[in-house]
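**Student:** Note that the protein sequences, when read in sequence, are chains A and B. Sequence positions in the first sequence follow our numbering and run 1 to 305. Sequence positions in the second sequence follow our numbering and run 1 to 248.
Rather than coming from a laboratory, the hints here were simulated on the basis of the structure. Glycine is no exception: its CB is placed at the ideal position from the N, C-alpha and C atoms. A few of these clues could be false.
Stated by the list, open to error - The following residues of chain A were derived to be distant from chain B, with all beta-carbon distances above 10 Å: (1) Asp50; (2) Leu197; (3) Lys205.
Claimed, not checked - Sample of chain B residues at the chain A side, in silico, Cβ under 7 Å: (4) Cys4; (5) Leu45; (6) Tyr49; (7) Gly84; (8) Arg85; (9) Ala192; (10) Gly218; (11) Met221; (12) Ser224.
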Amino acid sequence: MVNTHVNLSGFELDNPVIPASGTFGYGYEFAELYDINILGTFSFKGTTRDPRFGNPTPRIAECASGMLNSVGLQNPGVDQVIAEELPRLKKCFRKKVIANISGFSRDEYVCCAEKLAAQEQVGLIEVNVSCPNVHNGGMSFGTCPSSAAEITRAVKAVANHKPVYLKLTPNVTNVAEIAKACEDAGADGISLINTMLGMRIDLRKRKPVLANTMGGFSGKAVFPVALRMVWQVYEAVRIPIIGMGGVSSTEDVLEMMFAGASAVQIGAANLQNPFICKEIIEELPAVMERLNIQNLTDIIGAAHS
Amino acid sequence: MAGCLKKGLFKIRKNRKIAKDIYLMILQGDTSAVTAPGQFVNIALNGFYLRRPISVCDLSGDMLTIIYKVVGHGTAYMSKLEKGRHLDLLTGLGNGYDTSCSGDKPLLIGGGVGVPPLYYLAKKLLEQKKHPSVILGFNSREDVFGEQEFKALGLETVITTADGSYGISGFVTDALKNFHNYSYFYSCGPEAMLKAVSDASESSGELSFEERMGCGFGACMGCSCKTKYGNKRICKDGPVLKKEEVIW
Ligand SMILES: Cc1cc2nc3c(=O)[nH]c(=O)nc-3n(C[C@H](O)[C@H](O)[C@H](O)COP(=O)(O)OP(=O)(O)OC[C@H]3O[C@@H](n4cnc5c(N)ncnc54)[C@H](O)[C@@H]3O)c2cc1C
Ligand SMILES: Cc1cc2nc3c(=O)[nH]c(=O)nc-3n(C[C@H](O)[C@H](O)[C@H](O)COP(=O)(O)O)c2cc1C
Ligand code: FES
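Please work from the sequences and hints to get the whole structure.
**Tutor:** Here it is as structure tokens:
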């Protein structure tokens with residue numbers, strides 16, 4: 001019997017498979033399809049202090065082996081998530097969930113983190129720092145080491161001892177430098193990658209496909225870039241990494257772990273095939289056996305010399 | 001109304017052209033997830049990252065009919081698929097039309113590739129002993145399809161073409177002027193047509209909308225719209241909205 005257990009800063013997972021934020025809602029669409037308790041856990045939709053409708057539509061564009069989204073963090077706001085989504089989730093998910101939070105100012109992050117950290121159902125806080133900082137000319141917190149560190153410290157201070165993972169954007173020159181700044185500021189772990197900035201043009205309309213012009217590129221096509229970034233961050237920090245970006249198969253999960261991920265998130269692939277996480281979890285033991293992997297924890301970062 | 005989606009392989013039984021750029025495909029498989037007319041399926045195509053949403057046009061046993069227009073690479077690829085091939089479908093998506101609201105004499109108003117879902121709807125209404133009438137709008141004579149099929153159900157079927165080459169010259173709203181005393185309406189077609197129908201209609205009714213989709217089953221928030229009853233996802237809370245809730 002192979003061992004698929006992994007550990008994220010004390011948060012024990014039966015397996016490393018985690019649906020990524022924004023592709024799994026607050027869980028119950030999928031709970032209608034299969035027992036979501038088989039998942040390691042999942043990361044819920046990026047939640048902000050105030051309710052957000054998000055960007056105008058079209059918000060979705062197809063690309064070769066991937067997609068763009070400009071959903072713009074549509075969510076009901078942290079209070080409603082606590083009052084309605086979490087109680088509803090509790091009925092179909094007995095594990096602890098990853099609370100993915102976003103903000104446009106330090107105060108917003110702090111507000112969300114404080115409220116969610118107090119929830120018993122939350123096992124880990126994942127801080128999406130890809131959003132523009134309204135107090136800093138709209139530059140994303142995650143593209144500047146000192147801003148990323150500032151958010152890390154602010155969230156850590158209110159996290160109620162729950163692990164805080166900073167979710168990094170790939171739209172930077174040196175991702176390892178940002179990860180290091182977060183580690184130094186007290187982050188318990190790093191999640192990466194968020195989506196890459198991209199766009200498409202509709203030739204018939206002679207206009208961008210997305211109403212928001214640009215959007216986040218993700219899906220199968222980004223896997224090599226994501227894997228490279230996980231590799232680089234693993235070399236730069238000692239805290240655990242949740243790897244993601246283009247993961248679509250059991251083999252991709254293992255590659256991510258060999259590159260340095262302690263657990264792996266799956267995003268866009270859930271939209272193509274709502275059963276993908278279930279299929280990967282079911283297949284994982286057999287693929288591990290075939291590759292002579294006894295304990296999944298043994299392979300974390302094992303491709304580094 | 002809406003149940004639980006299913007994912008399954010369907011075998012192509014038929015795939016043929018029925019009008020300019022318009023194809024009819026019959027697919028065989030597990031159709032048990034389809035619970036209402038106006039629902040759609042989401043079709044995975046080899047080499048395309050996103051599935052293609054297409055309305056259920058007819059359903060009988062394990063045979064599901066769709067009618068689609070070639071508008072881009074995905075639908076062009078579909079039009080070349082030979083029978084015997086298999087397609088991976090998500091079925092049972094969307095809320096569908098609510099036939100319980102129809103009253104005795106509902107009016108069905110379709111434009112272009114908005115016509116197909118009205119066929120299965122008409123059959124369901126007939127099963128419930130109701131008396132629907134149909135208005136179908138197209139651009140030109142060569143685009144017309146479905147007229148014989150609706151007439152074969154015994155329904156009064158009026159065709160309009162924008163260029164006047166067939167049927168009544170003008171838009172579906174030009175034909176709508178001649179209809180009174182209908183109990184309710186059901187519509188599907190381009191958004192501009194839906195708005196015109198909504199404005200011109202004398203009764204309450206339901207309209208089916210399109211939006212670009214990431215998932216088609218409510219997970220990604222890719223297809224959201226604002227309604228008078230709050231934010232809705234076209235794929236899960238729609239594609240059918242009530243006339244009274246639509247914000248134009
Ligand atoms: C609920 C619903 C029901 C539909 N029913 C039918 C039907 O019965 N018959 C029919 O011919 N068409 C229908 N459509 C439209 C159909 O989905 C598009 O024409 C088709 O996806 C175009 O694919 P393509 O690859 O040929 O075009 P491309 O333009 O190459 O597609 C690129 C991307 O845009 C998306 N897209 C393009 N046009 C549309 C559109 N109008 N709506 C949604 N997504 C779009 C595609 O799915 C794809 O992801 C329906 C759409 C929706 C949302
Ligand atoms: C439709 C969609 C919505 C997303 N929403 C969020 C979000 O709210 N918060 C977040 O941190 N990441 C969000 N992401 C990013 C994913 O969680 C993930 O980091 C990224 O898509 C890369 O993984 P993938 O290639 O497997 O999709 C979203 C991605 C998609 C496709
Ligand atoms: S397309 Fe994903 S929520 Fe509607």
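**Student:** For this structure, which hints from the list above don't hold up?
**Tutor:** 5, 7, 8 and 9
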